[in-house]
Amino acid sequence: MNYLLGVELYGNSLKIAAFKKSRQSLELIKLDQIYFSNDGGESLKQLIAWRDQNLPDLDSIKTVLTVSESNLYIKEIEFPKIPNEQLNEAVYWEIPSVAPIPQSEAVYDWQIVSEEKDILKTLVVVGKNAYIENIISMFRDAGIEVVAIEPSSYAFAGIADADFTGNTLLCVVEEYGTDFIVLKGKLPFFTTSVTSNPQSGKGSRIRSEKDLTTEITAGAKKIIDYWEEKESLSIRQVLLAGDIVYKYYGLSASVNLFSQVPTLVVKSRKVKSLSTKSYKDLELVSYLPSLGAGVRHLQKDVLEGINLFPRGEKQKTENIRNQKNLTAHLFALTYLNIVFLIIIIVSIFTLNMWWFSMEKQLEKLNGAVSAHPANEIVAEINDTNLAIQNVIDLTKRQEDVGEKLKTISKLTPQTIKITSIGLINNKEEEWLIEGIGDRGSILAFYEMISQNVKSSDITMPYSNFNKLTDNEFSISIIW
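In terms of the working numbering, the sequence shown is residues 717 to 1195.
By construction, these hints were calculated from the structure, which means they are not laboratory data. Honestly, I wouldn't trust all of these hints.
Straight-line alpha carbon distances no greater than 27 angstroms define the calculated BS3-like cross-link-like pairs of lysine-lysine that follow [stated by the list, open to error]: (1) Lys900 <-> Lys937; (2) Lys988 <-> Lys737; (3) Lys778 <-> Lys902; (4) Lys1183 <-> Lys1133.
Across the chosen pairs, the derived CB separations fall in these ranges [claimed, not checked]: (5) Leu998 <-> Ile1058: 55 to 63 angstroms; (6) Leu774 <-> Asp927: 39 to 47 angstroms; (7) Asp927 <-> Tyr847: 24 to 32 angstroms.
For each residue, glycine too, the CB sits at the ideal point set by N, CA and C.
Given these sequences and hints, build the entire structure.
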């Protein structure tokens, strides 16, 4: 069986949404969570054990992975309007302005947010190459193919039941810490985190609804005030998510934390072609980024969108994508050619049948016309007309020959003696003029004909300039 996963990696926690694909729809079959050991080898064993226990009759597994914004650097940059290849190169050189990571050690991707005149506002997301490659390597060692890696909020926005028009502040509160993420539409624009160490022996950092409210309001208010006062960017709503939020607030429609900005606890929305009927809403909300990552499998092209693959991996996936597109185009072209060929064959067959029918009708009509008494009179008239036309054509040709002879006569120097003018090629109407004269007169005569006679070609196929006078020559004119 082929399985599809959406997984969220947050600290040492891996939240998994497992799906079975049926035709064009996904069925959610498992929601689960793994707490990884700090030892990489043990983490791999945990992942393999989960796979063997939860995915029977396994043939293949493909997963979309989301990573917390606390492990990423995000910035919106303005570029001039340039082709995508040049834009990708420009983003690469801007990495130092986004993250304190050398370009050679970074993974990145970008997406155009908006276009204004000659400016492209572009979201740039950067992560550490070693971190991403370690994740990919562990999943591959467990027999799980990672097809895309995206920010958690990007996946979250794909499944959350909320209106993302305008600017949104998303607060994700987990035991490991709180992520504050500003979204423009459904794209992350700014992120900051409050982290803690749950293994410090001091217990949970949030022990009541009051602690939760204090943490959210303290962090969110600073962000709202900063963006509104310093950047003139108004926050339209605050969305709350994360295990701690659902633990204390439940699925309340709204929480009145700010006087002028509505604050909502987010639930999952209904997605066409996604079945989650075996799970209740309160179970689903703890796995929103994982579910959103799973929804990406429903895209026509799962590679479309932000994808934080290392450059080498991204090139491989891009090649696969291009091959798939080429195969699809070739298939479509082959199909169209087959249809076109069938149409041509049917058209030729229909045309032949029509032509055969017309020939039969014409044969009958010719037979009737030939037998008619008036046909003999028509034949005599046609013979007469042909004879008259021949006389007219001969007269015109004689007039034309006379004009051409007159032209040659005018151009002939007195020192040139024309011995003959003959038609040597009737099809091309080629004349051959032969004569005698001195060398200078012959060349002058040839030059005069070349400049004044309208013809397709003039040559001197023969000349004999061995004597001072009476040199022989021939000039060819193709009229």
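Hints, verified against the model:
1. Restraint check: the Cα-Cα separation between Lys900 and Lys937 comes to about 18 angstroms, which is no more than 27 angstroms; the hinted pair holds.
2. For the suggested pair Lys988 and Lys737, the alpha carbons sit about 13 angstroms apart, so the restraint of at most 27 angstroms is met.
3. With a C-alpha separation of about 24 angstroms, the suggested pairing of Lys778 with Lys902 holds against the 27 angstroms cut-off.
4. Between Lys1183 and Lys1133, the direct Cα distance comes to roughly 16 angstroms. Compliance with the 27 angstroms bound is thereby established for this hinted pair.
5. For Leu998 paired with Ile1058, a C-beta distance near 57 angstroms keeps the hint of 55 to 63 angstroms intact.
6. A hinted range of 39 to 47 angstroms holds for the C-beta pair Leu774 and Asp927, which are about 43 angstroms apart.
7. Checking the proposed 24 to 32 angstroms range against Asp927 and Tyr847 shows it holds: the Cβ atoms sit about 31 angstroms from each other.
In this structure, none of the earlier numbered hints is contradicted; all agree with it.
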